[in-house]
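**Student:** Below, each chain spelled out in residue letters.
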Amino acid sequence: MLDVAAFVDSLKYLGYGLGGIFVIIGLLALMVVALRKIFPAK
Amino acid sequence: MLHTLLRSFIEPSAVQWAQWLAMWAIGGILIYLAVNKDMEPALLLPMGFGAILVNLPFSGAVTQAVSGAVKEVGPLDVLFNAGIANELFPLLLFIGIGAMIDFGPLLSNPKLFMFGAAAQFGIFFTLSMARLFGFSMVDAASISIIGAADGPTAIFVSQFLGSSYAPAILVAAYSYMALVPIIQPPVIRLMTTPAERRIRMPYVQTSVSKPVRILFPILITAIAGLFAPKSVALVGFLMFGNLIRECGVLNSLSETAQKEFANIITLLLGLSISVKMQAEAFLRPQTLLIMALGLVAFVFDTVGGVLLGKFINLFAKNKVNPMIGAAGISAFPMAARTVHKMGLAEDKQNFLLMHAAGANVAGQIASVIAGGLVLAFFG
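If you read the protein sequences in the order shown, they are chains A and B. Okay, so the first sequence: first residue is 346 according to our numbering, each after it adds one. Okay, so the second sequence: first residue is 72 according to our numbering, each after it adds one.
For the record, the hints were derived by calculation from the structure and aren't laboratory data. Virtual Cβ for every residue (Gly too), placed ideally from N, Cα, C. Keep in mind that a hint or two might mislead.
Claimed, not checked - Calculated pairs, BS3-like style, for lysine-lysine (alpha carbon to alpha carbon, straight line, at most 30 Å):
| hint | chain 1 | residue 1 | chain 2 | residue 2 |
| --- | --- | --- | --- | --- |
| 1 | B | Lys419 | B | Lys390 |
| 2 | A | Lys382 | B | Lys419 |
| 3 | B | Lys182 | B | Lys301 |
| 4 | A | Lys387 | B | Lys182 |
| 5 | B | Lys390 | B | Lys412 |
| 6 | B | Lys108 | A | Lys382 |
| 7 | A | Lys357 | B | Lys281 |
As the list claims (entries may be wrong) - Stretch-level coverage of chain A by chain B, calculated; a stretch enters the list once three of its residues show a Cβ under 8 Å from a Cβ in chain B:
| hint | stretch |
| --- | --- |
| 8 | 349-359 |
| 9 | 364-372 |
Just chain A, same shape as in the assembly (with noise of 0.2 Å):
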């Protein structure tokens, strides 16, 4: 038996997950960046 309306409602949490962890992983990236230019490599 399929429940399409549980799948309908989860599916705000494929936004939210997604959203979450592009956010994260971006300030990480960007704090990478940061890093790599306040300690260059000599």
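Guided by the hints, dock chain B onto chain A, whose structure is given.
**Tutor:** Same frame as chain A, now just chain B:
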């Protein structure tokens, strides 16, 4: 002795015997895959043996009720309660994994972080699919974490959420991780054109200073912890292992964490998870469904990563080979190797390994953060 032998054969019903025989077959298959196909042998072999061990009549390896209330505590239950029920073993294993990972290719090219994020698409898509097939929200979230392509994260999240499907989730997670070289290529081929697969990405070796390598694990833990506090145990143990590796003053600890320590924990993990592979809990129609959903998770992780590569190419002057997006799943280093081999198959001068490795270690970080987000939503 004869009495015990007769009791073992006569007392269980025919159905129980059929279930045990099925579990012995499953155990045998896991051992075969580990030994003959070299599929995650460190975990599948103890799990396979454990599946047989716990499905023997009146097995002394697991807790048995004696005359109703009195219980004979089995050693595997002791191990399970000591290391898996409280999520300790997967966290300790993360120290070893963190010590094994060289984040250099990612630190050289931080843009690769985004592929790690995109390749978690399968987690959240599978959550919805599991809901479609009638799983509760907690079980759906636990099943979706197969898409993290990371065994310890799968154990940690499914145990934390209290899912009764943890063993099936774990078998699926480790089996598909080992099957990455078989699962990913057809999906990548379907999603890309030969011209896209031939895109060359020259690798410019840039060195990363020691302060960056040391501050990276510390700041990752802090940032991930601030945004997703429930991920901090996962991220923190992983990054602690990496800090041991990169600090330069704990080389012997780093080597121990990578080898003996990780091996011991893996051994105990595989054996103790088999407690949950007792026939009555494991042999359910849902187990097959979970295996199918696990495949969906890996396929859509790959789709998510490749799609990001194609999206970037709409705007970027220097095109990326969209295949490296597929390496953004956490399965390390299988995903990176798979992409590298596919690049070489299209063009013998196309060396994608370092880019793919960067995306792959980004996937390692992204998958634990995704696990933390799942815990934040449903924990």
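**Student:** Each of the hints needs a verdict: does it hold here or not?
**Tutor:** Outcome of the hint check:
| no. | hint | result |
| --- | --- | --- |
| 1 | Lys419/B - Lys390/B | holds, 19 Å |
| 2 | Lys382/A - Lys419/B | violated, 35 Å |
| 3 | Lys182/B - Lys301/B | holds, 26 Å |
| 4 | Lys387/A - Lys182/B | holds, 22 Å |
| 5 | Lys390/B - Lys412/B | holds, 19 Å |
| 6 | Lys108/B - Lys382/A | violated, 46 Å |
| 7 | Lys357/A - Lys281/B | violated, 41 Å |
| 8 | 349-359 | holds (count 8) |
| 9 | 364-372 | holds (count 8) |
Hints 2, 6, 7, counting from the list given before, are not met by this structure.
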